[in-house]
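Based on the hints, put chain B in the right spot on chain A.
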Amino acid sequence: MPTSPLILDDAESAARSGMLSRVASLIYWTARQLERAENTVRLVDVNAQLVLDLEARRDADDPRAWEPLVFVTGDDEGFHKIHGDNISEETVVRYLLFDRENPSSYVSCIAAARENARCIQDQIASEMWETLNTFYHELSTHSFRTYQKQGSSDYLAQLKLRIQQLYGVAESMLPRDEGWWFYLLGRYLERADNVSRIIDIKYFMILPDLHEVGSALDIVQWASVLRSCSGFEAFRRSKRGQLNLERAVDYLLYDRAFPRSILASIISAENCLNKIAAAHGDAEQNPVLAKINQTRVHLENSDVTSVISNGLHEYLDAFQIRLGEIHAAVQDNFFDYDV
Amino acid sequence: MSDLFANYDTGPFYDEMFTDAGEPRPHYQNLFDRYARLNGMGELAQRQKTADKTFKRRGVTFTVYSDKAGTEKIFPFDLIPRIIAADEWRHLVRGLTQRMIALDQFLYDIYHDQHIVKEGIVPRELVESCAHFRRELVGVNLPLNRHVHINGTDLVRDQHGTYRVLEDNLRTPSGVSYVLENRQVMKRVFPNLLRKYGVRPVSNYPSDLLNLLTSLAPDIEEPTVVLLTPGVYNSAYFEHAFLARQMGIDIVEGNDLVVQDDKVYMKRTHGLKRVHVIYRRIDDDFLDPTVFRKDSLLGVPGLFEAYRKGNVALTNPIGTGISDDKAIYYYVPDMIRFYLQEDPVLPNVDTFLTSDSKDRAYVLENLPDLVVKSVNEAGGYGMLVGPKSTREQIEEFRAKIIAHPRNFIAQPTLGLSRCPTVCNNGKAIEGRHLDLRPYILYGDKVRIMSGGLTRVALTKGSLVVNSSQGGGSKDTWVLADTEAETPPTTETGRERIAI
Numbered sequence: 001m002p003t004s005p006l007i008l009d010d011a012e013s014a015a016r017s018g019m020l021s022r023v024a025s026l027i028y029w030t031a032r033q034l035e036r037a038e039n040t041v042r043l044v045d046v047n048a049q050l051v052l053d054l055e056a057r058r059d060a061d062d063p064r065a066w067e068p069l070v071f072v073t074g075d076d077e078g079f080h081k082i083h084g085d086n087i088s089e090e091t092v093v094r095y096l097l098f099d100r101e102n103p104s105s106y107v108s109c110i111a112a113a114r115e116n117a118r119c120i121q122d123q124i125a126s127e128m129w130e131t132l133n134t135f136y137h138e139l140s141t142h143s144f145r146t147y148q149k150q151g152s153s154d155y156l157a158q159l160k161l162r163i164q165q166l167y168g169v170a171e172s173m174l175p176r177d178e179g180w181w182f183y184l185l186g187r188y189l190e191r192a193d194n195v196s197r198i199i200d201i202k203y204f205m206i207l208p209d210l211h212e213v214g215s216a217l218d219i220v221q222w223a224s225v226l227r228s229c230s231g232f233e234a235f236r237r238s239k240r241g242q243l244n245l246e247r248a249v250d251y252l253l254y255d256r257a258f259p260r261s262i263l264a265s266i267i268s269a270e271n272c273l274n275k276i277a278a279a280h281g282d283a284e285q286n287p288v289l290a291k292i293n294q295t296r297v298h299l300e301n302s303d304v305t306s307v308i309s310n311g312l313h314e315y316l317d318a319f320q321i322r323l324g325e326i327h328a329a330v331q332d333n334f335f336d337y338d339v
Numbered sequence: 340m341s342d343l344f345a346n347y348d349t350g351p352f353y354d355e356m357f358t359d360a361g362e363p364r365p366h367y368q369n370l371f372d373r374y375a376r377l378n379g380m381g382e383l384a385q386r387q388k389t390a391d392k393t394f395k396r397r398g399v400t401f402t403v404y405s406d407k408a409g410t411e412k413i414f415p416f417d418l419i420p421r422i423i424a425a426d427e428w429r430h431l432v433r434g435l436t437q438r439m440i441a442l443d444q445f446l447y448d449i450y451h452d453q454h455i456v457k458e459g460i461v462p463r464e465l466v467e468s469c470a471h472f473r474r475e476l477v478g479v480n481l482p483l484n485r486h487v488h489i490n491g492t493d494l495v496r497d498q499h500g501t502y503r504v505l506e507d508n509l510r511t512p513s514g515v516s517y518v519l520e521n522r523q524v525m526k527r528v529f530p531n532l533l534r535k536y537g538v539r540p541v542s543n544y545p546s547d548l549l550n551l552l553t554s555l556a557p558d559i560e561e562p563t564v565v566l567l568t569p570g571v572y573n574s575a576y577f578e579h580a581f582l583a584r585q586m587g588i589d590i591v592e593g594n595d596l597v598v599q600d601d602k603v604y605m606k607r608t609h610g611l612k613r614v615h616v617i618y619r620r621i622d623d624d625f626l627d628p629t630v631f632r633k634d635s636l637l638g639v640p641g642l643f644e645a646y647r648k649g650n651v652a653l654t655n656p657i658g659t660g661i662s663d664d665k666a667i668y669y670y671v672p673d674m675i676r677f678y679l680q681e682d683p684v685l686p687n688v689d690t691f692l693t694s695d696s697k698d699r700a701y702v703l704e705n706l707p708d709l710v711v712k713s714v715n716e717a718g719g720y721g722m723l724v725g726p727k728s729t730r731e732q733i734e735e736f737r738a739k740i741i742a743h744p745r746n747f748i749a750q751p752t753l754g755l756s757r758c759p760t761v762c763n764n765g766k767a768i769e770g771r772h773l774d775l776r777p778y779i780l781y782g783d784k785v786r787i788m789s790g791g792l793t794r795v796a797l798t799k800g801s802l803v804v805n806s807s808q809g810g811g812s813k814d815t816w817v818l819a820d821t822e823a824e825t826p827p828t829t830e831t832g833r834e835r836i837a838i
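Protein chains in written order, with the working numbering: chain A, 1 to 339; chain B, 340 to 838.
So here's chain A without its partners, still in its complex pose:
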């Protein structure tokens, strides 16, 4: 009987070479989509509350009360394509939470995360997949009417909680292998991006009322920005004293202890990349690591006073471009390299 001709050339198979590129990419994107969904809810939530605070001065349906949310997504064109010039609580909330044509809406993010998770069911724990799948089916039945009927604050709290629940399942179920580091990397890069946009929202809010810097309204607005990052109470506890523009921006950009600050997010992302590169033994010359390292150093060397006097918006814009480059480097080095 002929013997099997299967060749046993196998030194290289023993070598560890990380996880499947496509899977790593899907895990990374799942984390980004969940983080984005969470931030979108935070944004809507804070604005909804802010509008209540402002009721004496502005009508809750005043388009100007909701317009900044459209800008902050970076996609006002997309908004106008669907809703024209009709800016109101309803159109903005629909756009940010329920419009499937908006790829960054809450429901789109959850749908995309769920579709990704479906592709990698074999890699993530089945409990995580089931939790996400169940939530997706539930969410599919929601609309602006659900938001209205349940009351914005109750409803949004529920949406936030569902994401936190997913984080919890992931935290306790995902093995701490490379997939875990890609998962966290996606989360922190997305968070840094989102927080930079949230800070930017204040720039848009402040434009029509420049003269009000330092006013009562200004303070209320900064408090709301902090709240949207769940940073208000933490800010107070950090003993930074009276809330003002400079202290709020400094906290959100550079606080090392606050987990949603931009610097903290970048440090965490850098840590993930370190783990990923170390597994392959090329931490020294890994180009992605070099890039994020530069960005961290750049943040550490900035100071808030000059940032504000040179233009906060421009500073944040430049930061978002750096983030885009880091993302592209992740893509080129781990997911989509040439063979």
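Among the hints, erroneous ones may be present.
Quick partial rundown of chain B residues pointing at chain A, CB under 7 Å, derived from the structure [to be verified]: (1) G379; (2) R396; (3) R397; (4) V571; (5) S574; (6) A575; (7) D589; (8) D595; (9) V597; (10) K606; (11) T608; (12) K784.
Quick list of in silico lysine-lysine cross-link-like pairs, DSSO-like style, CA-CA up to 27 Å [to be verified]: (13) K291/A with K275/A; (14) K160/A with K766/B; (15) K799/B with K766/B; (16) K392/B with K160/A.
The set of hints was computed from the structure by calculation and includes no laboratory data. For every residue, glycine included, the Cβ atom is placed at its ideal position computed from N, Cα and C.
Same frame as chain A, but now just chain B:
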């Protein structure tokens, strides 16, 4: 006494649960008693709801291509299990083992010396005109010399309760994940009943499958095994992900694999990693665009050459599709006699070959009474059910048969057995036709999962059980043997007969 079954009518068919006299068969008695204690159809409907919800939450779905609205559907699940008594199962195991060994020997023979053709048992032109015959593989030796590793054989029972083989599925039989999921759900809905019955477990299938896969790279200590899927939009994607997860292997798409120097690698975050065994859930045609279909985006360029050189093992091997050809199926009982010198334990369904002139004349004369099947289609597509067809449809098939006699077979319409099934949205229990697909693995020896996928035609009177045609499924219970296990009579060792 429950009124659940009070109006149940077995009709002129063999009923899995009741005798013609309307008494529950002995192995169904426990179930009958348990259902009698249910609080009428209402409670059954409630439990059915729980079951359906569980499937949806777990994402146990299949994709319907034609349906634009909700492409992901759950495979309807019926709460009344199909129960197979221990002695019946012993008989099936004997028959399926024998059939699997004969099919493997046949495929080996066809790709080597072709004794069976030279002896005039299977016509040469029939083999060579098979759409799935791969000339490129003639003379190629495969790991363990095994030419088929996984078979999902479709069985039906006729009016007399005799099990017959309807067809073999040697390419990429699917459905096994539903068997495992159905059992999970059943455990949740009727835990005590299952325990009381002594139902044989099915959960060892993934480890048996993994053992089989790793054994295909016999000289490598820890071979890298992957499951190759066409992707998330394939109708069986749920199953692909399910099996990969159960076995702890990577699920890959064509784009994840590259061939260099006739070796297969997968693209990982830190570079390429060698792949030794591929459980492919893609048909031959789509495996390698440089050899088979040039327009395919699913496969891996160069894979065929790597395979031919023995650098990677595939399951099922390339070219097994010959035995899925329904004209070749006709000859399986002859193969069993030829290779094993045994009489077939499980008969085929009576079949007419339209490529044979005598058979063809009979078929053309009796089309309204026959089922005509296209030899290479699966999933209930491309068939004519004579008694349920219009004159136009019959004439259309007549023309097709005359034009391409090789492409069809015909079978008498069978009175498939039925089993009580929850119908009309939980309002009634009626008899519905069913079949059974056991899963047979052949590595070092033949292993058969205890049970298989029972598919049930949910539409009243329908004989078509395929999920793509509106079928559902039932949990299949094989009862544990109270007597000592008797090994199957067929020798599973690998002695090729010398002629």
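Hold the hint about D595/B up to the distance rule: shortest CB distance to chain A must be less than 7 Å.
holds, 5 Å
Quick one, is the D589/B hint okay against chain A at 7 Å, beta carbons?
Result: holds, 5 Å to nearest chain A Cβ.
Let me know if the C-beta of T608/B comes in closer than 7 Å to any C-beta of chain A, holds or violated.
holds, 3 Å
A closest beta-carbon separation below 7 Å is what the hint needs, so does R396/B meet it against chain A?
holds, 5 Å
Between K160/A and K766/B, is the straight-line Cα distance small enough, at 27 Å or below?
violated, 41 Å
Going by Cβ atoms only, is K606/B closer than 7 Å to chain A?
holds, 5 Å
Close enough to count: is the Cβ of V597/B nearer than 7 Å to one in chain A?
holds, 5 Å
Under the criterion of a CB-CB separation shorter than 7 Å, is K784/B in contact with chain A as hinted?
violated, 16 Å
Within a Cα-Cα threshold of 27 Å, do K799/B and K766/B meet the stated pairing?
At roughly 14 Å apart (the allowed maximum being 27 Å), K766/B and K799/B satisfy the hint.
Given R397/B as an interface hint, is the shortest Cβ-Cβ distance to chain A below 7 Å?
Where the cut-off is 7 Å and the nearest Cβ of chain A is about 6 Å from R397/B, the hint holds.
Residue hint A575/B, partner chain A, criterion CB-CB below 7 Å
violated, 13 Å
A closest beta-carbon separation below 7 Å is what the hint needs, so does S574/B meet it against chain A?
violated, 14 Å
The earlier numbered hints that this structure contradicts are 1, 5, 6, 12, 14.
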